[in-house]
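Asker: The task is to assemble the complex, starting from two chains supplied on their own in separate frames and drawing on the hints.
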Amino acid sequence: MIKKGKFSTKKNGTGFIILPVLLIILLVFIPMIQALFTSFQSGTPINMSFNGLGNYQRMLTDTTFRKAFFNTFLYLIIQVPIMLFLALIISAILNDKKMKFKGFFRTAMFLPCITSLVSYSLVMKSLFAANGFVNQILSNLNLISAPIQWLTHPIWAKVLIIISITWRWVGYNMIFFISGMQNIDPSIYEAADMDGASSTQQFFKVTIPNLKPIILFTTITSTIGTLQLFDEVQNITLGGPANATLTLSQYIYNLSYKFTPNFGYAAAVSFVIVIAIIILTIIQNKVGGEK
Amino acid sequence: MKGKVLSFIKYFLLIVMSILSIFPFVWMVLGMTNKTIDITAGKLMIGDQLTINFTNLFNNSLNFTGALRNSAVIAVITTVLALILSSMAGYGFEIFKSKTKDRIFNFLLLSMMVPFAALMIPLYRMFSQLNGTPLRSIGINSMFVVIVPSVCTAFLIFFFRQNIKSFPKELVEAARLDGLGELAIFFRVYLPSAKNTYAAAAIITFMNSWNNYLWPLVALQSPEKRTVPLILSAMGASYTPDYGMMMCGIVIATLPTAAIFFVMQKQFVQGMIGSVK
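Residue numbers (numbering that gives the first Met the number 0), protein chains in the order written: chain A, 0 to 290; chain B, 0 to 276.
Treat the hints as calculated values from the structure; they're not laboratory data.
Keep in mind that a hint or two might mislead.
Unchecked claim - Straight-line C-alpha distance at most 16 angstroms; calculated EDC-like pairs for lysine to aspartate or glutamate:
{"#": "1", "chain 1": "A", "residue 1": "K96", "chain 2": "A", "residue 2": "D192"}
{"#": "2", "chain 1": "B", "residue 1": "K3", "chain 2": "A", "residue 2": "D95"}
{"#": "3", "chain 1": "B", "residue 1": "K9", "chain 2": "A", "residue 2": "D95"}
{"#": "4", "chain 1": "B", "residue 1": "K96", "chain 2": "B", "residue 2": "E172"}
{"#": "5", "chain 1": "B", "residue 1": "K168", "chain 2": "B", "residue 2": "D47"}
{"#": "6", "chain 1": "B", "residue 1": "K34", "chain 2": "B", "residue 2": "D47"}
None of these values were measured; they are calculated from a predicted model.
So here's chain B without its partners, still in its complex pose (with noise of 0.2 angstroms):
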């Protein structure tokens, strides 16, 4: 007895978390069929606004389009230099250990204790020198001054180090008396075995990117250069926000995401979580 209403108990707060967590999605796409008006009163029915929503977030003075577009192109460019960078310093800290590359490494993770509000002043400024020098596609307002800050986190160079770690380093010597450069075993030896560290910490890196929020606000001021997180801030900021066309947008800026973590979800939780096993 004691046992079934345990086991009762524990059901039930599992499946009222589970309503919980899933509840919003549900609001969020009904939301896209609905007025603003109908939105704020709560209601829970699908209604007939979807085609007038879509069309205004479309044909907005905001420009949806041009966001999806920056946040589109910032995140592929940032997770492909992130991956590329992170996986072969890594590579370089667990292959070639040595004591004072453990050093160095120990040192690059206090970076992850530092707070994004004590940088941002710093690289504003930095990034703002940039502008009237010949640097200026990569100072405040360039696509650039988004990427750079995130294609090298020590999270990520952590990230590929404790997985290079179950690399059998047999197969790097064995190359090497092959006559193999280092720069081709990376590439043709070890990359081609890592392809789940691969697809976790790119899934990580594209998700930041596409949310990230902070640091653009900051740094991309002119209109047409904003991304997707800081066009929905700004309908939700107005004075009489437009709910339905907000939740369209909210929708479509959650499907790249959602579509990831459906497909992949065995690297999207490693990616996450920072670990492959």
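Next comes chain A alone, as it looks inside the complex (with noise of 0.2 angstroms):
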């Protein structure tokens, strides 16, 4: 049925396909495997030479870049289980039938949603400012002594990134969990009911083991999405104070077009990138994939 190289839409829809695939090979995977001979070259974007390894072996003893992988990593095992695990929780309240204003608190929690990265990263910025709304709070109810410096202070500033993105992707992953869970076969819980489950057993021996597959689905895209992190940080801390909150595509930002332009170094710090999503990815569905 199939002729090979004719383009068009009558028999075999090649026609349908073509500029969409070609587009895809143009723009992703040829700037790919360019990005991985850049990455074994050195030089300004002008007059670019081979360089082996060289890139590579740099960054071994680059504090900058161990400085932007530990945070980007930091941030991946601190986050995301945070996240994931809020809107379980969430998801399970909401999954309830006896539960009252579910839309209304299923909108509100989506809500973050509907911001863009720089509109949110500058909100949040204004609220956790040194004298901002957050302190005042924090210090109304007595449970700070003196304001945090949520922008200044190495520790504080990671932990911000972190509950602004949190923020940011809660109701997001909760409308996953939200629709997987109302995929589940009711008679599952009824069974559990008459065998005496509490609702605390039910949530652990039922909902997680069917909700499996989500829960991968989301691990893998919220770990795509932290380890390519850029928006939050450039806008709220710019990766400061001295580098504490410096991601990786950052890093690569920066090396290319705000120091002296080094493609070369940049695409090698690129492809930790690619690499750790790889490998992640792997992990993830081993683990996620069993029985």
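Answerer: Laid out in structure tokens, this is it:
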């Protein structure tokens, strides 16, 4: 049936897919291969020469790279579990038939998703200013004696980034979990009820195992997203103080456009993200795929 | 008794989370009416600076009006092109299913894992090269440099393909027997039946384009080409940010997506999570 090399929509539909396929190859796969080649080169953008594994060796001794790498993985390890756990809890509560005002709660918690990453980052920056709203609330509640330096303290700045991303994405993941929970056969819960399982037991023994594919999916998308973190850090702390919040994407941007452009080294750093995504996706699939 | 306590905890949690989710919106709206000094001091009241902040926003050297226009034009063109290309591709992959096509499709899906940071430099160099050729109108600093990389994503093709799965293929067969060409079948039989899918896809594409930051930051260097997120970011990064003015800008930038969300909530959520059921 399939006639090779015939660009017609008549019989095989190649005409429908040819342009999009070529565009994705041209704008994703070819650049990707170019980035790999660039990562073995050094020099200024107009005068690049082969440098072997030089860029990759440089990373091993680059303290800024080490910071960016450490920060990115710290965000990943702390933020993704907190966010997914919160989203799971809220979804489980909202999935309870007896709860009232579900529509309102769901809409309210989804609302952060309508903001642009730049906009909400700037809003967070204003809320967490040194004498800002959050510090005032905390000091009125007698939780702190002196204002927390959210934007200029190396640890609190990281906490602020984590709080911000969590605010933006809990509702998004919640939608996936709720739709997953609605697909679980109610008779399983009825059977669990008959066996006298408490709601906590049902959550861990019925809900979680049945949601496994969706938890896997949200973990992978969140991981890919967090490894590419840029907009928030760029607009809340600009990577500061002293690179304490710098991410890998931001370092790549700085290497290419902020400092004297070094495309070769920047491309090598970008391949660290590529490799991290591949490894983590494989691990998560292995762990999540087990029965 | 135990049930009551549990139910209290549940509502308490939901209410707290809802307040936390909504509060930043209240904050930005209040911020529109206040001075910078009041905003950074955590003032939670309506002020009297609304007109001043608005005037500052629109009479600023950053040219917010121009940025609104740039963003709108880019987002609309991106959305139209993305819908046409991706829906045709999704349709092609599903209606003309074959082993080869499925292999190509699975290959395309891999592109969803590629981080943009890895593409940024090659894309920048690729588009820079165009600047010296007759194709400079799609080179760096042009509107199309932002549009072209977003018009075709594996995500959107996947989205359309998923939704075409539930489209009755007999309709295609029947139309063929009536002597309709394949393109005519696509535009006259399939397209009118998939309004919801198109709406959801349009929303997500428009929103992604409207909010896009990193690539425009790299590719649009001349000030008059900048989009809304770039201007907002520049306002926030200045040495003494004018928060009142910035909040006006943020609210205006959020209005289109907020309006779409409240009018078409169902399609909005479907577009975000990438499925229509």
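Asker: Please verify whether K3 (chain B) and D95 (chain A) have alpha carbons no more than 16 angstroms apart.
Answerer: holds (14 angstroms)
Asker: Is it true that the CA of K96 (chain B) sits at most 16 angstroms from the CA of E172 (chain B)?
Answerer: Since the Cα atoms of K96 (chain B) and E172 (chain B) sit roughly 14 angstroms apart, the hinted pair holds (cutoff 16 angstroms).
Asker: Given the hint that K9 (chain B) pairs with D95 (chain A), test it: the Cα-Cα distance must not exceed 16 angstroms.
Answerer: holds (10 angstroms)
Asker: Are the Cα positions of K168 (chain B) and D47 (chain B) separated by 16 angstroms at most?
Answerer: violated (61 angstroms)
Asker: Mind checking the alpha carbons of K96 (chain A) and D192 (chain A) for me, to see if they're no more than 16 angstroms apart?
Answerer: Holds, because 15 angstroms separates the two Cα atoms, which is no more than 16 angstroms.
Asker: Check whether the Cα positions of K34 (chain B) and D47 (chain B) lie no farther apart than 16 angstroms.
Answerer: holds (9 angstroms)
Violated hint: 5 only; the structure is consistent with all others.
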